[in-house]
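Q: Protein chains in written order, with our numbering: chain A, 1 to 74; chain B, 1001 to 1074; chain C, 2001 to 2354; chain D, 3001 to 3354; chain E, 4001 to 4183; chain F, 5001 to 5183; chain G, 6001 to 6257; chain H, 7001 to 7257.
Since the hints were made in silico from the structure, they are not lab data. A few of these clues could be false.
[As the list claims (entries may be wrong)] The following label-pair restraints were derived from C-beta to C-beta distances:
#1 B/H1028 x D/K3203: 38 to 46 Å
#2 H/I7146 x D/G3319: 57 to 65 Å
#3 B/P1046 x C/K2041: 46 to 54 Å
#4 H/D7041 x G/I6204: 53 to 61 Å
#5 D/K3203 x E/G4122: 26 to 34 Å
#6 D/Q3190 x F/M5123: 51 to 59 Å
#7 C/E2226 x F/H5002: 26 to 34 Å
#8 D/P3182 x F/G5101: 45 to 53 Å
#9 H/K7253 x G/P6242: 50 to 58 Å
#10 H/D7041 x G/P6242: 43 to 51 Å
#11 D/G3047 x H/I7146: 15 to 23 Å
#12 B/P1046 x E/A4160: 43 to 51 Å
#13 E/G4101 x C/E2345: 34 to 42 Å
#14 D/G3319 x E/R4143: 50 to 58 Å
[To be verified] Stretch-level coverage of chain G by chain D, calculated; a stretch enters the list once three of its residues show a Cβ under 8 Å from a Cβ in chain D:
#15 6002-6016
#16 6148-6160
Positions of the beta carbon are idealized from the N, C-alpha and C atoms, including for glycine.
What follows is the residue order along each chain.
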Amino acid sequence: MRGTITIDENRCKGCELCTAVCPKHLIHMSGSFSMRGYHPAVLQDPELACTGCLLCSTICPDSAITVYREGRAK
Amino acid sequence: MRGTITIDENRCKGCELCTAVCPKHLIHMSGSFSMRGYHPAVLQDPELACTGCLLCSTICPDSAITVYREGRAK
Amino acid sequence: MTVELWKGNEAVAEAAVRAGLQAYFGYPITPQTELLEYLAKRMAPLGRVFLQAESELAAINMVYGAACTGARVMTSSSSPGISLMQEGISYIAASGVPCVLVDMMRGGPGLGNIAPSQADYFQLVKGGGHGDYHPIVLAPASVQEAADLTYEAFDIAMKYRSVVVIAADGAIGQMMEPVEMPPMRDIPAQDLGWELTGARGRKRRLVTSIGLEPTELEQINFRVQERQALAQENEVRYTERWTDDADMVVVAFGTAARVAQSAVREAREHGLRVGLFRPISLWPFPTEQLARLSTRVKRFLVVEMNAGQMVEDVRLAVGSGADVSFFGRMGGFVPMPEEILERIEALQPVAAGS
Amino acid sequence: MTVELWKGNEAVAEAAVRAGLQAYFGYPITPQTELLEYLAKRMAPLGRVFLQAESELAAINMVYGAACTGARVMTSSSSPGISLMQEGISYIAASGVPCVLVDMMRGGPGLGNIAPSQADYFQLVKGGGHGDYHPIVLAPASVQEAADLTYEAFDIAMKYRSVVVIAADGAIGQMMEPVEMPPMRDIPAQDLGWELTGARGRKRRLVTSIGLEPTELEQINFRVQERQALAQENEVRYTERWTDDADMVVVAFGTAARVAQSAVREAREHGLRVGLFRPISLWPFPTEQLARLSTRVKRFLVVEMNAGQMVEDVRLAVGSGADVSFFGRMGGFVPMPEEILERIEALQPVAAGS
Amino acid sequence: MHEEIIISGFGGQGVLFAGQLLAYAGVADGLHVTWIPSYGPEMRGGTAHCEVVISSEEIGSPLTAHPTAAIILNSPSMEKYEPLVKAGGLLLLDSSLVPQGTTRHDVREIALPAKEIAAEFGMPQAANMVMVGALAAATGIVRLETLERVLKLKLGERHAGSLEANLRALRCGAVSAKESMPV
Amino acid sequence: MHEEIIISGFGGQGVLFAGQLLAYAGVADGLHVTWIPSYGPEMRGGTAHCEVVISSEEIGSPLTAHPTAAIILNSPSMEKYEPLVKAGGLLLLDSSLVPQGTTRHDVREIALPAKEIAAEFGMPQAANMVMVGALAAATGIVRLETLERVLKLKLGERHAGSLEANLRALRCGAVSAKESMPV
Amino acid sequence: MLTDSMAVVWQRPSSLTPLQTHYCPGCTHGVINRLVAEVIDELGIRENTIGVAAVGCSVFAYNYFDCDFAEAAHGRAPAMATGVKRVYPDRVVFTYQGDGDLASIGTAEIVHAAARGENITVIFVNNAVYGMTGGQMAPTTLPGMITTSSPLGRDTHMTGFPIRMSEMLSTLDGASYIVRRSAHDPGNINKTKKAIKTAFQAQINGLGFSMVEVLAACPVNWNMTPGDALRFVEEKMVPYYPLGDFKVAEAVKNMGL
Amino acid sequence: MLTDSMAVVWQRPSSLTPLQTHYCPGCTHGVINRLVAEVIDELGIRENTIGVAAVGCSVFAYNYFDCDFAEAAHGRAPAMATGVKRVYPDRVVFTYQGDGDLASIGTAEIVHAAARGENITVIFVNNAVYGMTGGQMAPTTLPGMITTSSPLGRDTHMTGFPIRMSEMLSTLDGASYIVRRSAHDPGNINKTKKAIKTAFQAQINGLGFSMVEVLAACPVNWNMTPGDALRFVEEKMVPYYPLGDFKVAEAVKNMGL
Ligand SMILES: Cc1ncc(C[n+]2csc(CCOP(=O)(O)OP(=O)(O)O)c2C)c(N)n1
Ligand SMILES: Cc1ncc(C[n+]2csc(CCOP(=O)(O)OP(=O)(O)O)c2C)c(N)n1
Ligand code: SF4
Ligand code: SF4
Ligand code: SF4
Ligand code: SF4
């Protein structure tokens, strides 16, 4: 299944929990500060490996991640 | 074993609990009022049946009963 | 209307029921317990809430919760129990939710005893909890008045979004007097605009006492102060007797005022020009009224069943131009009329004729 | 002696340790928590008692128990926590066992906020619990003074068998200032005649706050009143500054007094004859001293970080002959010198030269 | 008219009810009344007492240090209240239970064997009513008719069975008191 | 002499320590000082700030609404405190982290790339010291020598390793500030 | 008939003062007070013991025990005892609390004293009502039981179920000895005494928190004769509050009492 | 890469307001807040729910949930919720409490709410410390754990042992659903959500007191990275606080969720 995520930079507090749970290691921390002073998480998925597995959104304490999947309307 | 008891009339509140536990039914309630307004318990043991079994003193909430036994110093 | 003998605690309870009391939470303590016991019988058949809480602390916080819904709620206790409620009262005051609190004061401090006392004046009137607030405090001097003030208390609480305290004592709680009970009222449901009911078809609401930023908390305080100012304008209550020609006035509240009245009556019979001023609302205090009186009267005797608490408010009211003496009994003593008369006579040598 | 920078909370804790603190019981609450945390580190190595209680209610009752043994004991909290202690304080006061209580006041009422405030004046000074009692209340205006007063507080508590309150606020608790710490004291064991130690070789002793008969409870109250009267004679503390030639005096305590001093200094620079009177003991209140001042000075400005609490005691002291104005900030605001200066100028148009 | 009455005895002697009856009668006679019981752990000791004030004036304290009349139903109460009764006041004793008379000369004493009198109607518990009747007759503070009416009202519903005996006790008390009074 | 100084940035930038250092130096220079941090749940947001007052007079409020000097270590702090600085006051920015300069004309601004400067000594965390050095130089409220002495004392025992870098940061801040000041 | 050849085999323990108690006739408090005094006598700790009385009918217990005593605020005896014990770890400190005091207003204090393993002994008298204040419902009142604040009988739907404190507290690792006994007949009274002795001994040995819950009667507020009241304890209370040892730490077992 | 053919499978629940939380980075409160919001969404009860926030880091939770809310005094949320619920038995009332709030100062209120079978739902976040006030020891702090008020590690000899609230409360007959879950990884988070849903459903069905204890992390006060903190939960907390169902009344089982 193909999926993807968006991360709301203004919500992300850079806790890095999503990076640890992503089975595909697709999430990395940005080098730059967000307005609130955190290094936000960003998806780096050049090979479109994200499956929309929901692990990252489940662990995210700030509900910063929205998850999408191919063809599957909620 | 022979025993006996004394009941401190000033302590007795006439609750009648000792009368019920005495296996020989030796304790009865006085008909007259004590100074504190209770009918105190009295030993009626004409046949010297008391064994000094401690049941009455054990149940007495007011430690009004002293128990004695023949020949057995405490 | 029929006059029946009512015990103070039960009269207060019944008056509350007739005023539309929807929920009561309390904890046993002498000399208030009959109030709780009465409501234990009375509320359930009416489909209203009666709950014995695990403590006064829990009771006041249950009251806090129920008050958030806009319901007419009450708790009652006596001195040590009221001390335990101070944090909760402060929260309720800050949140601006209305409730009624009955204090049948007893002898303190500490466990003290269960005899009548007025030594919670400071804790009730000045605000025994933290922060700036004053509950509205009403002090009945008879069982009838206890019932009447309780009956009114709920409306007052709603109007000012305030804690209203019925400040009585063991004597008033325990004694029976003839009472004409006010009628049973129906309380129509109404939208108060702030109460929590579930955010159906409207924006969510919040009852809180936090203002993390001083600017926010100052706003909360301004609102509390505003409501208090309004109460100060409208809710001052007191009675005067024989003050017209008095050149000395006894000031007392509640049970002490009853006894004082006997003493003053007797003093009058002895030809002394003595009057009686009885504050009914201890907060707001009848400051202006006493001040006005003090333009004429220069001698006051304050009688309380404590070491001297209301006397401070009397002094503040009459200023240093008048002479304010104090007579009090502590430890749960109700003063005797003779004791008061003695003080009156000592202070008041001018006979009416002279 | 060396001067070090100390945080208020920690300075109070260390001063208590040096004064011989034997047992501390407390519960975390901002802005007081560092006091507890400091003692968590400091007490155990000295073989003294530190215990975090399950609540402020438990803490004050642990204090009560420890105080019954004649030990030097302390607890600390901030406003809502102090409210929860009112019943316990009343018991301690009635029982006549000594202890020290620190209140780092924060914004109220309710949960309020953690900013500095002085809105617990009434609850601390008038006795927020039930019954007739007043703790001895000492209000430091600097970290040094907080340490010094705490150091003394234990002896005072012992002397009057009283609760002694260090009434400070979030600013004093949180800020660092230079402090010269008093030396470590050795407290010799002594027989106080009332403390519980186990009835070895003597008659049993009892610490209680009950007087079931009014005559008994009145005796308890007389004893409390006697000790209080003694404290009123001996323990009044205050400072005056620039009052000699003042025709107006600002009255303020604690943090408000510091700010007021800045304002008064500036007013002086503007040529205004303004003085500053700072009560250090809020109870016993420097009533006589202010009264004396008021024979000369006819204008007073009371500045507090609340809605106006100490101002009542100032009015009682100076009587209606003098004009008493009030300026306060609520909600956790520390007033700014400029605000106070403005009020001074509005009230005080007479320049020194004129 | 002003009476401050103490009624005191053991629990179970109808002390509180006797006081309430007087209070109700006072109300019915258009007087001011207060009634206050002993309360709280004091009850523990097995004693009970109440204080009733009946007056043509508004009543100050419901408590009295020096009663104008005392109904005494046991010896401990006699010890406690005998010295407190106001000079010129009334001491009403149930002489079946309080053998000792007063040693005071400044009070009126009426001693009736109330328990025995009531026992005659087969209802020794009505001794309290004997005393109430006596008090009414001796002081005139409330009218006997009023007491009877109020008693009917109060007992009427639940205790109709015992009403007659209680009424007789009341009346008997009144008569005995009158008889024992110096005319 | 009287300075009311605010130091503000993210947690971890050494904001509180910078303030304490100034306060210690003030004491050592015989001045009155107060230091007060932000405390409680405010810390949560990830920001930290403290206020330091150093004065030749007794200090009133340890809090200041209008600082005479502000050390600003991140953008949110700039937004918050820029408008509050007293007219004629000093704004000290770490330009590595606060790109925007002030738009006010009534304050002195000194913008130093403190983090970069400190990074040159291999210790970017010493940016706070660069700022403290700059503040001392720009206001003269405490002496650089005193700061150095106090820093040695405070770091001395536990952090001797980083002492040298911190000292250099201090000095470098002082020099840079002097350079950027209109003579 | 007392003769010269007879000797006393039982008399009032010497740790009881000669005062007459204020308890109602037949009240179990009298029995339990006495048991504590007997244990104090037997352990010889009268001069080393500090008691903490709670608010309830036993409030005046401090007049009945011939040892140092403090009187606590309602529910706070375990906190007060903690204060005493921490200052004097080598004194024997005990509280004597009713069920309103311990299981209602004082819940937090008893739970935390137990959780801390506070080295004190608690005598917990469970008579299923508030005695002192005239018989209101307690958290321990049995379902259906009529009290002055549950006039139609305790309605579990509105007021929930009785708390079994011994069971609840024995879930805490800090507690070392928690047992329930009953005082409804001489045999059970003797067992109660043994448990109280074990509890005190555990404290003396420094083993931590010990509590003996004793099922008791309040004849006055139950509206029963003392005899009926004890039967009620046996027939109604014991089934709901099973007697037994709920927590006996190894170290306590090893005391070999 | 988001394409047109993709649809949202997960997004912020609508019962959460758009506000950013004040929680520290990696704080589990954020997760648990969200789970509650999801459950409220799924049960469609947002407009019928009244929340009671406790004092602790979650005090501002009332800003994050889009439903009516009250803010309680420290520890008293269950009492306050009782007040609300008794007036409005048909509203869904829940508290959200930390372990300092619920297991320390609020012990009496939670025990009695459970004993009464109060028909409310309690979300109990156990992070083993006082978060809000800066990381002091809680009754739930693990033995040996360093906190700002146990600087040498929790000494069980002086401060006793952690309280297992779920186990303790499940001894009460009034409690109908008491379980412990953990929020340390996605699988456990999903289980937590399921339990929260069961608890709310039990309340809706009128089955009485329900509580979900959730083991959580306080990375800031534990002085750990969020990742390490979750590992600490898994490796240290779960062994001490076993996950599981401690009380599931028959009626709850029969809901068939
Ligand atoms: C703070 C406070 N609340 C209430 C009371 C009133 N009070 C005295 S004793 C008591 C309960 C007594 O019941 P229990 O603990 O079961 O003991 P018992 O009298 O049955 O032995 C209460 C509620 C009080 N003294 N203080
Ligand atoms: C009466 C009272 N005491 C103390 C406090 C201070 N205080 C606020 S939150 C808190 C504890 C928070 O810990 P916890 O409940 O575990 O929640 P967390 O912050 O860890 O989520 C304390 C002690 C208070 N607000 N009120
Ligand atoms: S949805 Fe799954 S695969 Fe995609 S980024 Fe998140 S964790 Fe990784
Ligand atoms: S879990 Fe959420 S808050 Fe944490 S780094 Fe990822 S997106 Fe940011
Ligand atoms: S009321 Fe009950 S518990 Fe209290 S003394 Fe009487 S019988 Fe005992
Ligand atoms: S302090 Fe701990 S519990 Fe509080 S928000 Fe931060 S991480 Fe969460």
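Q: Taking the hints in turn, state whether each one holds.
A: How the hints compare with the structure:
At roughly 40 Å, the beta carbons of B/H1028 and D/K3203 sit within the given window of 38 to 46 Å. Separated by about 58 Å at the C-beta atoms, H/I7146 and D/G3319 satisfy the suggested range of 57 to 65 Å. B/P1046 and C/K2041 have their C-beta atoms about 52 Å apart, which keeps the hinted 46 to 54 Å range intact. In this structure, H/D7041 and G/I6204 meet the distance hint of 53 to 61 Å, their C-beta atoms being roughly 59 Å apart.
The beta-carbon spacing between D/K3203 and E/G4122, approximately 55 Å, falls outside the hinted interval of 26 to 34 Å. Take D/Q3190 and F/M5123: their Cβ atoms lie about 56 Å apart, and the range 51 to 59 Å holds. The hint said 26 to 34 Å for the Cβ distance between C/E2226 and F/H5002, and at roughly 38 Å that hint is violated. At about 49 Å, the beta-carbon gap between D/P3182 and F/G5101 stays in the expected band of 45 to 53 Å.
Restraint check, H/K7253 to G/P6242: a C-beta distance of roughly 25 Å breaks the suggested window 50 to 58 Å. For H/D7041 and G/P6242, the Cβ-Cβ distance of about 45 Å falls inside the hinted range of 43 to 51 Å, so the restraint holds. Between D/G3047 and H/I7146 the beta carbons are some 21 Å apart, a value that agrees with the proposed interval 15 to 23 Å. Take B/P1046 and E/A4160: their Cβ atoms lie about 47 Å apart, and the range 43 to 51 Å holds.
Take E/G4101 and C/E2345: their Cβ atoms lie about 37 Å apart, and the range 34 to 42 Å holds. At about 57 Å, the CB distance of D/G3319 to E/R4143 agrees with the hint of 50 to 58 Å. Counting residues of the segment 6002-6016 of chain G whose beta carbon lies closer than 8 Å to any beta carbon of chain D gives 0, which falls below the threshold of three, so the coverage claim is violated. With 0 residues bearing a CB less than 8 Å from a CB of chain D, the segment 6148-6160 of chain G misses the requirement of three and the coverage assertion fails.
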